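2 protein chains.
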Amino acid sequence: MSQAIDFYFDFSSPYGYLGSQRIDAIGEKHNCAVNWRPYLMGAVFKQLGTSPLVSQPVKGPYSRHDLMRSARLYGIDFNIPDPFPVHTVAACRAYYWVQDSAGDERAKQLAQALYRGYFIDNCNVGDAEVVVKTAAGLGLDGEAVAAALQDDAIKARLRTEVDAALEKGVFGAPFFIYGDERFWGCDRIDHLDKWLETGGW
Amino acid sequence: MSQAIDFYFDFSSPYGYLGSQRIDAIGEKHNCAVNWRPYLMGAVFKQLGTSPLVSQPVKGPYSRHDLMRSARLYGIDFNIPDPFPVHTVAACRAYYWVQDSAGDERAKQLAQALYRGYFIDNCNVGDAEVVVKTAAGLGLDGEAVAAALQDDAIKARLRTEVDAALEKGVFGAPFFIYGDERFWGCDRIDHLDKWLETGGW
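Chains A and B, in that order, are what the protein sequence lines are.
Position 30 of the first sequence, counting from 1, maps to 187 under our numbering, and the rest follow consecutively.
Position 83 of the second sequence, counting from 1, maps to 240 under our numbering, and the rest follow consecutively.
To be clear, the hints were calculated from the coordinates, so they are not data collected in a lab.
Just so you know, not all the hints are guaranteed correct.
Copies of the same chain look alike in the list, so a pair counts if it works inside one copy or between any two.
Said to hold, decoys possible - Below, a list of computed lysine-lysine pairs in the PhoX-like style, where the Cα atoms sit at most 25 Å apart:
| no. | residue 1 | residue 2 |
| --- | --- | --- |
| 1 | Lys203 | Lys216 |
| 2 | Lys216 | Lys351 |
| 3 | Lys351 | Lys186 |
| 4 | Lys325 | Lys265 |
Remember, predicted model here, so these are calculated numbers, not experimental data.
If we strip away everything but chain A, and leave its shape as in the complex, we get (with noise of 0.2 Å):
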């Protein structure tokens, strides 16, 4: 196994999300491993002073039409929920807690049933019931993850997973790091593809 792809999130992201329905095979093909890390892109809509794109005017009603027909091309279901966007921080302490408490690919399960409540089920994924109820749903204890959700010591990981994405100069999703290499957006999954398969250029 060579060095791992990075894939950073949010789980309110609707590239995110696409971005999440391709980053695994590009892993597989290449044999490299893929560590999903969720953040809170509402960090860095606060470092730099801007806003989602979604709710941006002119960008907003494009990028609304571009996902719709990026979905199509890919083959992904897809839907613009409403609410949308929403925050998220729930569903990040679900995740680490869950990575923590049972390991990366459980909390990789979630994620995936998360983004799919989202985006294809219109549950609001910001909503902290609603992530107790999805983790539920996978098999994981729903109390205990509810109580997660109140833990400091899963508050403070949250943030600190959040300053290090930060401090690494991550600033949108689906943002992906290999070695020292950053790709930004899904319109960038081919060219990390290409890196992973020459080593660079």
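Following the hints, complete the assembly by docking chain B onto the known chain A.
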């Protein structure tokens, strides 16, 4: 000849330059004309309250790296010029004057020469004298171009072009419109290519 592709760009946009190196081949492949339509991204920044990507914190350094990496991937000669970015009112006025007086093909030759001058040879395309010299180097009448830069009719022509672009929802460079379909960025040239191939999806 089918419906045309409208290709919007700013002479100071490096992604616009990269797009300009790829879009004509897409048009030829599908027997589809490409209308080169320089405009002023400054009008977009003013409209949306935004700023050039390369000048933004965090995203700026990333984009400079991404530009160099993308240019190498596509085998396109490219450097980040200095000064950068610059205002390109003179370049745009010259373009539309040449288009009106000598036709589309000559105007495109001027656009290509200006882009090469700026992004390969580091000639400041924001400088009216550089624009005039570049036009003269193509066998165009330098004195007439210099006069056109101050011509009220050409000034109005450019304002009309910029207003029309904004009216159509253009907000980036490169930006492509084919029929009712809009594609933003070099990243969407592949989608546009597929759209032309399939008739849409």
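Now for the hints, and whether the structure bears them out:
no. : hint            : verdict
1   : Lys203 x Lys216 : both (19 Å within a copy, 14 Å between copies)
2   : Lys216 x Lys351 : between (29 Å within a copy, 22 Å between copies)
3   : Lys351 x Lys186 : both (11 Å within a copy, 24 Å between copies)
4   : Lys325 x Lys265 : within (22 Å within a copy, 42 Å between copies)
Hint compliance for this structure: no hint is broken.
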